[in-house]
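K.L.:
All chains, please: the whole structure from these sequences, using the hints.
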Amino acid sequence: MEESIKIRGFHSMRIRISVLIILAALILTVAISFVALSLFTRHTRERHLDIAKGVAVIAQKIIDADSVERYKAEGRTASGYEETLSRLNNLQKNVPDI
Numbered sequence: 001m002e003e004s005i006k007i008r009g010f011h012s013m014r015i016r017i018s019v020l021i022i023l024a025a026l027i028l029t030v031a032i033s034f035v036a037l038s039l040f041t042r043h044t045r046e047r048h049l050d051i052a053k054g055v056a057v058i059a060q061k062i063i064d065a066d067s068v069e070r071y072k073a074e075g076r077t078a079s080g081y082e083e084t085l086s087r088l089n090n091l092q093k094n095v096p097d098i
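If you read the sequence shown in this note's numbering, its first letter stands for residue 1, the second for the next number, and so on.
One or more hints might be untrue.
[Said to hold, decoys possible] In the DSBU-like style, the derived pairs of lysine-lysine whose C-alpha atoms are separated by at most 30 Å in a straight line are: (1) Lys61 x Lys93; (2) Lys72 x Lys93; (3) Lys53 x Lys93; (4) Lys61 x Lys72; (5) Lys72 x Lys53.
Everything labelled a hint here was simulated from the structure, so no lab data went into it. Since this is a predicted model, take the numbers as computed values, not measurements.
P.N.:
What follows is the structure in structure tokens.
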């Protein structure tokens, strides 16, 4: 009768509970990691989108929309082209995310 009480291996209650706790901890860790990654990704995309919108507004103010056709036709020799190019280059240097 004593031999039937001494159960060894995976059938032991202590082993079963230990394995269950370890599996639960691993599943919880994976779930938390996915949630954290999702939140980080969403926040990063929103932040980059806000930066892009701001840069687009500034670029819109720098570029004279009426002169774009002249810039295309005359190229660098068009009046105001070099100044606009310089401002856009400065904008690119000052905003590190673009």
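K.L.:
Determine for every hint whether it applies to the structure shown.
P.N.:
Cross-check of the supplied hints:
1. For the proposed pair Lys61 and Lys93, the alpha carbon gap of about 17 Å is at most 30 Å, so the pair holds.
2. Restraint check for Lys72 and Lys93: satisfied, since their Cα atoms lie roughly 24 Å apart, inside the 30 Å limit.
3. Proximity of Lys53 to Lys93 is assessed by CA-CA distance (about 17 Å); at most 30 Å being required, the pair is judged to hold.
4. Our distance criterion of 30 Å between C-alpha atoms is met by Lys61 and Lys72, whose separation comes to about 19 Å.
5. Note on Lys72 and Lys53: the hinted pairing holds, with a Cα-Cα distance of about 25 Å set against a maximum of 30 Å.
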